[in-house]
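Trainee: Chains as they are written, first to last, in the numbering used here: chain A, 3 to 408; chain B, 3 to 408; chain C, 3 to 408; chain D, 5 to 123; chain E, 5 to 123; chain F, 5 to 123.
Derived by calculation from the structure, the hints in this document are not laboratory data.
Any given hint could turn out to be false.
As the list claims (entries may be wrong) - Computed cross-link-like contacts, DSS-like style, restricted to lysine-lysine with a CA-CA straight-line distance of at most 27 angstroms:
| no. | chain 1 | residue 1 | chain 2 | residue 2 |
| --- | --- | --- | --- | --- |
| 1 | F | K76 | D | K38 |
| 2 | F | K7 | E | K76 |
| 3 | F | K7 | D | K76 |
As the list claims (entries may be wrong) - Per the computed footprint, the stretches of chain E lying under chain F, defined by three or more beta-carbons under 8 angstroms from a beta-carbon of chain F, are:
| no. | region |
| --- | --- |
| 4 | 27-38 |
| 5 | 74-82 |
| 6 | 93-99 |
| 7 | 102-113 |
In this text, a Cβ means the ideal position worked out from N, Cα and C, and glycines have one as well.
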Amino acid sequence: MNTGDIAWVLMSSCLIMLMTPAVGLFYGGMVRRKNLLSTIMLSFSVLIVITLQWVLFGYSLSFGPDKGHLIGGLEWFALNGVGEMPHAVYAATIPHMAFMMFQMKFAVITPALISGAFVERVRFSAFLIFMVLWSTLVYDPMAHWMWGEGGWLRNLGALDFAGGTVIHITSGVAALTAALVIRKRKGYGRINYEPYSIVLTLLGSILLWFGWFGFNGGSALAANGVAVHAIITTNVAAAASALTWMIISWRSHRPGVMGVATGTVVGLVAITPACGYVGILPAIIIGIGGALTSYSCILLRNKWNIDETLDVWACHGMAGTWGAIATGIFASKAINPNGADGLMYGNVNLFLVQLASVVVAWVFSAAMTFLIAKAISKTWGLSVGEAEEEVGLDISQHGEEAYASV
Amino acid sequence: MNTGDIAWVLMSSCLIMLMTPAVGLFYGGMVRRKNLLSTIMLSFSVLIVITLQWVLFGYSLSFGPDKGHLIGGLEWFALNGVGEMPHAVYAATIPHMAFMMFQMKFAVITPALISGAFVERVRFSAFLIFMVLWSTLVYDPMAHWMWGEGGWLRNLGALDFAGGTVIHITSGVAALTAALVIRKRKGYGRINYEPYSIVLTLLGSILLWFGWFGFNGGSALAANGVAVHAIITTNVAAAASALTWMIISWRSHRPGVMGVATGTVVGLVAITPACGYVGILPAIIIGIGGALTSYSCILLRNKWNIDETLDVWACHGMAGTWGAIATGIFASKAINPNGADGLMYGNVNLFLVQLASVVVAWVFSAAMTFLIAKAISKTWGLSVGEAEEEVGLDISQHGEEAYASV
Amino acid sequence: MNTGDIAWVLMSSCLIMLMTPAVGLFYGGMVRRKNLLSTIMLSFSVLIVITLQWVLFGYSLSFGPDKGHLIGGLEWFALNGVGEMPHAVYAATIPHMAFMMFQMKFAVITPALISGAFVERVRFSAFLIFMVLWSTLVYDPMAHWMWGEGGWLRNLGALDFAGGTVIHITSGVAALTAALVIRKRKGYGRINYEPYSIVLTLLGSILLWFGWFGFNGGSALAANGVAVHAIITTNVAAAASALTWMIISWRSHRPGVMGVATGTVVGLVAITPACGYVGILPAIIIGIGGALTSYSCILLRNKWNIDETLDVWACHGMAGTWGAIATGIFASKAINPNGADGLMYGNVNLFLVQLASVVVAWVFSAAMTFLIAKAISKTWGLSVGEAEEEVGLDISQHGEEAYASV
Amino acid sequence: MKKIEAIIKEENLDAVKDALEAAGFIGMTVYSVKGRGMGGGITLEWRAGTYKVDFLHKIMLMIVVPESDYQKVVDIIVEICRADVASGAGKIFVSTVDEVIRIRTGERNEAALTGSSRA
Amino acid sequence: MKKIEAIIKEENLDAVKDALEAAGFIGMTVYSVKGRGMGGGITLEWRAGTYKVDFLHKIMLMIVVPESDYQKVVDIIVEICRADVASGAGKIFVSTVDEVIRIRTGERNEAALTGSSRA
Amino acid sequence: MKKIEAIIKEENLDAVKDALEAAGFIGMTVYSVKGRGMGGGITLEWRAGTYKVDFLHKIMLMIVVPESDYQKVVDIIVEICRADVASGAGKIFVSTVDEVIRIRTGERNEAALTGSSRA
Ligand SMILES: Nc1ncnc2c1ncn2[C@@H]1O[C@H](COP(=O)(O)OP(=O)(O)O)[C@@H](O)[C@H]1O
Ligand SMILES: Nc1ncnc2c1ncn2[C@@H]1O[C@H](COP(=O)(O)OP(=O)(O)O)[C@@H](O)[C@H]1O
Ligand SMILES: Nc1ncnc2c1ncn2[C@@H]1O[C@H](COP(=O)(O)OP(=O)(O)O)[C@@H](O)[C@H]1O
């Protein structure tokens, strides 16, 4: 084992931990004041619940001994057998537990991202049920396919450095699907839902950027040149995307702060699958492409008149899709010998595999999310009543208000 | 020396540094707007003042050459003789200075925790005097007994991985004691003191969780399997406690955000003494137990009609007490060979030693705090006048307001 | 290469990344509500734009192959030739890319600091132009002179551990100069511009303190005793300065939170050039001196009636100047063998070299900033119209408001 | 002239504003208030106990119009907000204003309420 | 009908509210204001200088009642807030309201102020 | 007595306050409002779309004075705020107050508006 690697992976885990509540702040600033706490609480509660799901059985399902290339076994229930000794395949230089911890934070953030589709009218209890089912039935299998020893997408040779497909595509598609199941907010299309606190959203995006260094850099699972490289491409793509968003919104109106914050996150999403495989100029292109993709998709979603409230699909699903495909284009063995060459370097195969993995993630997430959301909707009920929506979820779901002020 | 270990301990020190102002934010959100700044300022000023106390003489008193198992000598005044070379006993693979720095952050946070008992009516100058005396006369000896080379509790074999006893019990008991000395807030029992900003409290608890990884993980003083393990148990206990609190409050009313934020911190406190010694399932039990303990103690404190304003005793003192005892129950050499086996593994001795150390911390902290608080109260005065309380401490003590708004 | 060193430098880069938006929060809390977002946005946009400038050509200009001791060549355009292999001179144990990343964050924060002189009336587009020109024409050469292989100040033997001269003097002097070019805010001298949110400023200063550990500790470019030492002196100087500011303001009025937050930052600035070279007691003296210097300079600036809005000159320029000179006084080879002895240890030479480097930074930054600001002012226009100023920059420049509230 | 103080739901502000604008009533002042009508209160949570908060956020829309127009304004507001049959639809208070002064021009009363002098 | 505008201390709001409720006055509107009475100001600090802020936070409680009830309401408020002998106990302004409309039902005047139509 | 409600720019509050203080009008109440006069609105941005917000922050300054003084107060406010020729200089509404009660002393009407009983 290597203490430098351990230090870096531990630190990365800490950084990623911060991201889940940061998603809460990012989203929280975008809703109306009466739903501010409840929006943050959705993310915060994922951190709490999925932490437990993961150590009890989620990790075992995702990374445990492979069953038919489809799922991990329950042999590692309650981390039984997961100890200090490294797991040779997953990360040879750090304790197996460190790898488990690092992956936990990935499992945690994913349902938190989806929460953006539900805000302002979801029943808190329904979201708790949703997240446990979704994490178990969608995230865990998907993580196994892509990253688990024996997983079939991994065997196919699909690349996903830090979760563009597993995390961002699945959550984005899930968000769109869920929005088709849960009812719209009252007055959707008629009322302007003004974001209450752009400062909070900005604070969230700052912490997300900070945490994403752990997300992407930590995915090297060692303190090495790949980790360094991944952090740099991450930073560069975020900047390129934010600048692009700024310019687009300037052309149509003015360079809004909300837009720049969004652009930043979109750039971070787009580079996620690619960060350890592509060079600096491709990273810039990926950032720019992410902004263009997500921006157009927000317009599209608006036109479709779907109340996917905080545009998780456009910002995560579509930027993640673009990133996964771009990985198939720009990946280069010169950057990372453990990766593969992409289309630009004459390798059509990787490109096709990437496309395949994108399609799989889309279809699987959409189908499963629909079933889960529909089932909850029919039995327990997904959304609150109109009176509760009007009073606001902070009071109706949590009995509190964000700010005491007469 | 090992660069990986140094990197991790440095990083942990940075994380813990963040915790002290995070306590300020956590507490700041719970008071009325007119006392918001002053509440944060109590914590912030501890960071400033105890940093200097520590490098000048606090470290020497705590960890300097032992005098009769009771206190360190002043040989290391102004860090004289504390240098780059490792101290073989305290931490063999990192510079002695790094160990000093890491411990500084522990010394700093402890009086900040106590400040919760004083808010909304303490004189700022009185709190400054209090913290210097308390840190010197309570924290430094207690740290020496438990962690200093030659300290008598350490020699007895008491376990306190990251400060459950030294930090949380002493500060919690001190808070309760101080609350018996300082006068109640005007209107206590009659007025509802509505917390001004649950968002700020939540932000504080997020940063505390983040920082606690350094607190507990860094206490391994190396980037090794114990550090990894400590972070995982920390995370798990926090989640278990927060979930428990959510469920309890749901049963009686609704799952409040303030409650979940509190539950999180309580879980972090409870696991602190145990994190490097216990397994995953015990960590869950410790988290649950912490929530149950603190929740009941808040109700109790309310019934006693004591204005221990932000429940430091219930949340730190009692969760810390539970954690210290639970360490005596669940500790296992299989987890950490440098630890000991607890009651569950047939070792009554550790359990008794843990009980003894708890009793010592309670009695010592209560007695000394009473003397210090009483002395300040009789001479300098602990609390502001009623008019100043009514105007609010932000204006009366600091000449400022948290938010400029007509 | 050494994984511990890599882990630490990566982590430090993450910490410093956080500082630039933290400057935004710190400044943002000091302006009126209608300019809050725009103030944060100035810093945030530097992070975005200078990231790209740096990877494209800024790094090459600063650290690329030396041309006549004055500037780096463009050989490293788009990081061409900057790879995983360490650069033997800059940092022998980490990838060259890691050094590049670390330095990027320095380049990014410097123009963000200057933004404090512009707030509440600058055109956003003009600031974007300003920052690109300034970074290219002032920062990059200055960084080359002091830190680039072959740079003439470096060759002279000037010491600047973490950027007191390169970052704080240049930005502070630039701020003063820019304030002489841009018009004053409407009503300057007549209206009280009440800071909108001291809480936000405090949050900014907390994150700055946190990030500064990476800034100063990371400048050792290794996880070694010097890094540890630098963090400790940093912490101590911040505390000493904050305490000094608290006492000064107490004497004249009351210990304000805004003052303590400012004092903290000033202490961090003052120790920056010295942190890896001086002992603990000198660090305390440097902190105290920083507070005294900046405090007096704010009064002076007020008397001069210059609308250098957020006192960047007093807090960064003058504290940086004091720190650079103090380095010439207190530096000691006993602390850092790679440093030099200062005046106190009988070496007049270093003291004179430090003075020289200070003068160079002042003159160069003042002259260049004047040219750049004047040029923009004459052509594009630096400030918004009075109506736009009155409506506020958030709405007029970004089309948004910080908080939605009727 | 009459001062109309309408306490309405936040959600309805935009619609009311637009309707008033369409009818030529541009000038107005709004602010955030909390209030309750004849309904009861809501119990909120504080850590391990509970407390009662019984006010909900509302918008106060204040608009001063010539006497002749006030009924029209009231009707518009009622019309829009009434759609919402649930409780808390709001209340309107009408009182008399003795004098209106437009600061910029010093115009008084009805002249101060019209846009005429602006051109 | 009468409009009562009472500017009181934040601390007293709960007690006043409860007392009014007990006396059957449920509907009311409150908002945050800053104000000063005949007292002076407070000097605040800004980095190395000082500035003066002389307003303190108060609560504006606005309640409209039938003419016959207004004296009772005033008395209740004075009674509760007067306990507090320090300065800044507050002030009450009473004025006339010409018309009250309950938006939900369209009821006018006194009918709009009672809960009768709710059942 | 007269109630003067002046809606002015934030920037002018200090000057108005000082001028009123100089003329002996100490007691007053202020709060934050948003409003628009006869001017139009402003279009704001939301991610990839836009939305319209047409209110700007203003200060409501409310001051109750004896009938005899009200013209003086109006003049002072107009005087100070008028300097600013741009749009949005503000508006003043004057109405009648039937009764004033100083809570601390129970004094009524004009007595409640003067500082006399304070000594
Ligand atoms: N008597 C009153 N005096 C002052 N404000 C009132 C009064 N009654 C109602 N309000 C205000 O009007 C708002 C809406 O009242 P609403 O709940 O619609 O009344 P109701 O239940 O009588 O129909 C309340 O939130 C409160 O702010
Ligand atoms: N003449 C006035 N006009 C408007 N508001 C007033 C006036 N006098 C007092 N107030 C308001 O009443 C509040 C309480 O006044 P208070 O300090 O109790 O008055 P006094 O000092 O005259 O007894 C003040 O904070 C202010 O908001
Ligand atoms: N008819 C009105 N009713 C209520 N408030 C008004 C009215 N007209 C103006 N105001 C308030 O006065 C403020 C200043 O108005 P201003 O823009 O100066 O008026 P104008 O453009 O008519 O000169 C507005 O922001 C609004 O709050």
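Trainee: Each hint: holds or not?
Mentor: Against the structure, the hints come out as follows:
no. : hint             : in the structure
1   : F/K76 with D/K38 : 34 angstroms, violated
2   : F/K7 with E/K76  : 23 angstroms, holds
3   : F/K7 with D/K76  : 26 angstroms, holds
4   : 27-38            : holds (count 4)
5   : 74-82            : holds (count 3)
6   : 93-99            : holds (count 7)
7   : 102-113          : violated (count 0)
Of the numbered hints listed earlier, those contradicted by the structure are 1, 7.
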